[in-house]
Amino acid sequence: MQKKTAYSFPDEILEHVFSFIQSDKDRNAASVVCKSWYEIERWCRRKVFVGNCYAVSPTMVIRRFPDIRSIELKGKPHFADFNLVPDGWGGYVLPWISKMAGAYPWLEEIRLKRMVVTDESLELVAKSFTNLQVLVLFSCEGFSTDGLAAIAAGCKNLRELDLRDSEVDDLSGHWLNHFPDTYTSLVSLNISCLGSDDVSFSALERLVGRCPNLRRLLLNREVPLDKIANLLSRAPQLIEFGTGTYAAELRSDVYSNLVEAFCNCKELKSLSGFWDAVPAYLPVIYSVCSRLTSLNLSYAPIQNPDLTKLVSQCPSLQRMLVLDYIEDSGLEVLASSCKDLQELRVFPSDPFGEEPNVSLTEKGLVAVSSGCPKLQSVLYFCRQMSNAALVTIAQNCPNFTRFRLCLLDPKIADYRTLQPLDVGFGAIVEHCKDLRRLSLSGLLTDCVFEYIGMHAKKLEMLSVAFAGESDLALHHVLSGCESLRKLEIMNCPFGDKALLANAAKLETMRSLWMSSCSVSLGACKMLGQKMPRLNIEVMDEKGPPDSRAESDPVDKLYIYRSVAGPRFDMPPFVWTMDEDFASELS
Amino acid sequence: MENSVAYEKATELRLGLPGIDEPAVLSSVKNNKRPLHDEKSGENGKSAQNETAPPSKAQIVGWPPVQSYRKNNFQQAKKSESECGGIYVKVSMDGAPYLRKIDLKVYKGYPELLQVLENMFKFTIGEYSEREGYKGSDYEPTYEDKDGDWMLVGDVPWEMFITSCKRLRIMKGSEARGLSCSGV
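Residue numbers (our numbering), protein chains in the order written: chain A, 18 to 603; chain B, 77 to 260.
Hints in this document: simulated from the structure, not taken from any laboratory.
In this text, a Cβ means the ideal position worked out from N, Cα and C, and glycines have one as well.
Check the hints yourself; a few may be wrong.
[Claimed, not checked] Derived DSBU-like pairs: lysine-lysine, alpha-carbon spacing no greater than 35 Å straight-line:
hint : chain 1 : residue 1 : chain 2 : residue 2
1    : A       : Lys475    : B       : Lys242
2    : B       : Lys222    : A       : Lys391
3    : B       : Lys147    : A       : Lys559
4    : B       : Lys242    : A       : Lys391
5    : B       : Lys181    : A       : Lys244
6    : B       : Lys147    : B       : Lys177
7    : B       : Lys166    : A       : Lys559
8    : B       : Lys166    : B       : Lys198
9    : A       : Lys391    : A       : Lys116
10   : A       : Lys144    : A       : Lys64
11   : B       : Lys242    : A       : Lys244
12   : A       : Lys450    : A       : Lys391
13   : B       : Lys198    : B       : Lys177
14   : B       : Lys177    : A       : Lys64
15   : A       : Lys326    : A       : Lys52
16   : A       : Lys144    : B       : Lys181
17   : B       : Lys198    : A       : Lys244
18   : A       : Lys144    : B       : Lys248
19   : A       : Lys450    : A       : Lys522
20   : A       : Lys326    : B       : Lys248
21   : B       : Lys198    : A       : Lys559
22   : B       : Lys198    : B       : Lys181
23   : A       : Lys244    : A       : Lys42
24   : B       : Lys177    : A       : Lys144
[To be verified] So these bits of chain A aren't anywhere near chain B, every CB distance computed over 12 Å:
hint : residue
25   : Leu101
26   : Ser480
27   : Phe483
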């Protein structure tokens, strides 16, 4: 055992103290105090978060933390959401599941984001982790309902199954039948991404009926409106509910059943779904509206005045997701009705249309920023913006933690002054000292990056597109943003200089993505040779990089720190730049 | 000047990679929002007018940053309103790890449909005869009809087929032969 000094505590006491330390950051800090703390801490750590599945290997994780009960893994870069990462790139979970199967038989929670999950992996999960309680597959792909059937059949202690935004091959709705009749522990089920025409509705009804602790149920689009009432009557204890398609012919019996069903859900606080919603059926939820803290209408093609009328009935809203059908007028109503609003997301109903189809401008966002003092998180798609508006928003909301503005025309200037939007975004970073996430758009010069480098000291994630004029911009960000973890850039004139000058910074970040920029192959090679703890991955579907000149720009570049070395599961269009790169290709 | 060179590079038209739906063509700047000015203004005022603007706005890969399930969801709704006729069915093939979806309304008859299936899954369908089904290949195209029965593609008139077909499955081997022998 370790040598104990007169001043040390027995291990058991330290372990007990550590059990109160939950955050990874604090645990990591405690583990480097001294060797004995490192040892004690690693044996009693129960939760691991791996932000990049290639930053470390499963073997290394298992070696350090022998008794994990909860694991979270993330795979593909964020820009994969927008089709910038070709199929086959990677992010396979099977190697992790295989290794953990033997090492963590008591694993309770698996959370995966943007990973490739096969039926084989799911079958292995079901077989190996009999105590699994939580399975979250967030934006994953590669599996079918057969894999889900294995989970349903095998995980007797499952509480939470959440498939949000995943791409699932629907082979049969009958996977729900694989939950045994004795299974009653479901608390949260999110199948909203499933497209199957035949989600066995009777199996779903029976499942819902026999799980008294079910609190969260998000259905998929295929569940018709006239089946909802029956389902809700079996689960009046729901806190969060997502409808299926919200369109049907107006029938008084269906209508009144729905009214009654929603009325009986006394604890309902969050609603979503509403695909294809028709205004006629909106009033059925009025009884719930005053209690709603979260409302997701971002799939509902409802327009004003129905939309605004609905919103005005929800004074307790904290989280609102909606299409731009809400328009400035609706946002003004939101601003005056919903004083607890913390998060607002406004999505475009016609993202590729040339002309605006709705009257949603910067004015709506200004109104909300002015009327909602608790506003912290914004995602806003619109077609015009001004520096003045951004300055006002920044002054109104110094508490912003996330600000993502997407102007549909990527290089549009301030519509009033025709200036770049540098000053506006500069105001955002200057006033919002706790800003952790920022997405820029519009016409932007190197100036805005200077502001960001100067002020955005807590910024962790920055997304940039079609902005800046020179490497100086990138240099400002890399040298100034002390807390930067993730940087993703598309279509900007950034080249080698800033990258090479700030190479060391890249080791302090999780990852850097650059696509359609001006980083040369030569610079990538140099980084690869000089920085062994970074994986420099060049992606190019046109052919191997060595067939081009050193000065040619690479198409896509993904750089991430790793203690696991280069990966070996790359598809033919990804190359790792390391010392061996040159010799590998001969 | 280095700045303008870098700028030119950024605005240079880039063709999309094979396999990606839309070419990555830089969109034209909306002319009614900005005047043409070449001189520097204020700080580093940059004219954005020096790129060649394509006549109409093409879609840029990755922009606007809207996730595909949102785009798909909404487009499906729009389609069903305006078109009211797209008949989308899933197509699977025994042994292939992926599913596809096709719109039966697009095809005029069986020969066209079978051609598309052959191209999609890279295989050949045999010769069809009413009596013996598909001969000359290991694969047979089948479909599930409204009653849940599995039928051989081609046994009923085309119009009846497209209204009753729920999904397609390209069966392989003995299972396939079983269907054709039993007939309809």
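We went through each hint and held it up to the structure:
Restraint check for Lys475/A and Lys242/B: not satisfied, since their Cα atoms lie roughly 54 Å apart, outside the 35 Å limit. About 53 Å separates the Cα atoms of Lys222/B and Lys391/A, which puts this hinted pair outside 35 Å; it is violated. Proposed proximity of Lys147/B and Lys559/A is supported: the alpha carbons are some 27 Å apart, at most 35 Å. Restraint check for Lys242/B and Lys391/A: not satisfied, since their Cα atoms lie roughly 50 Å apart, outside the 35 Å limit.
Our distance criterion of 35 Å between C-alpha atoms is met by Lys181/B and Lys244/A, whose separation comes to about 29 Å. With a C-alpha separation of about 17 Å, the suggested pairing of Lys147/B with Lys177/B holds against the 35 Å cut-off. Proximity of Lys166/B to Lys559/A is assessed by CA-CA distance (about 31 Å); at most 35 Å being required, the pair is judged to hold. The hinted pair formed by Lys166/B and Lys198/B meets the criterion: a straight-line CA distance of about 17 Å does not exceed 35 Å.
This hinted pair does not check out: Lys391/A and Lys116/A have alpha carbons roughly 44 Å apart, beyond 35 Å. About 21 Å separates the Cα atoms of Lys144/A and Lys64/A, which keeps this hinted pair within 35 Å; it holds. Between Lys242/B and Lys244/A, the direct Cα distance comes to roughly 22 Å. Compliance with the 35 Å bound is thereby established for this hinted pair. Under the criterion of a C-alpha separation no larger than 35 Å, the hint pairing Lys450/A with Lys391/A is consistent with the structure, at around 15 Å.
Note on Lys198/B and Lys177/B: the hinted pairing holds, with a Cα-Cα distance of about 16 Å set against a maximum of 35 Å. Of the supplied pair hints, the one linking Lys177/B and Lys64/A is violated, its CA atoms being roughly 41 Å apart against a limit of 35 Å. Taken as a hint, the Lys326/A and Lys52/A pair is broken in the structure, with Cα atoms around 62 Å apart against an allowance of 35 Å. A C-alpha spacing of about 44 Å is found between Lys144/A and Lys181/B, which places the hinted pair above 35 Å, so the restraint is violated.
With a CA separation close to 41 Å, the supplied pair Lys198/B and Lys244/A exceeds the 35 Å bound. For the suggested pair Lys144/A and Lys248/B, the alpha carbons sit about 30 Å apart, so the restraint of at most 35 Å is met. Among the hinted pairs, Lys450/A with Lys522/A is consistent with the structure: their alpha-carbon atoms are about 22 Å apart, no more than 35 Å. Distance restraint check for Lys326/A and Lys248/B: the Cα-Cα separation of roughly 56 Å exceeds the 35 Å cut-off, and the hinted pair is therefore not satisfied.
With a CA separation close to 23 Å, the supplied pair Lys198/B and Lys559/A stays within the 35 Å bound. At roughly 22 Å between alpha-carbon atoms, Lys198/B and Lys181/B fall within 35 Å of each other, so this suggested pair holds. Restraint check: the Cα-Cα separation between Lys244/A and Lys42/A comes to about 46 Å, which exceeds 35 Å; the hinted pair is violated. Restraint check for Lys177/B and Lys144/A: the C-alpha separation of about 32 Å stays at or below 35 Å, so the hint holds.
With a minimum CB-CB distance of about 5 Å to chain B, Leu101/A fails to clear the 12 Å threshold, and the non-interface call is violated. Remark: the non-interface label on Ser480/A conflicts with the geometry, its nearest Cβ contact in chain B lying 8 Å away (cut-off 12 Å). A cut-off of 12 Å between C-beta atoms contradicts the statement that Phe483/A is not in contact with chain B; the least separation is 8 Å.
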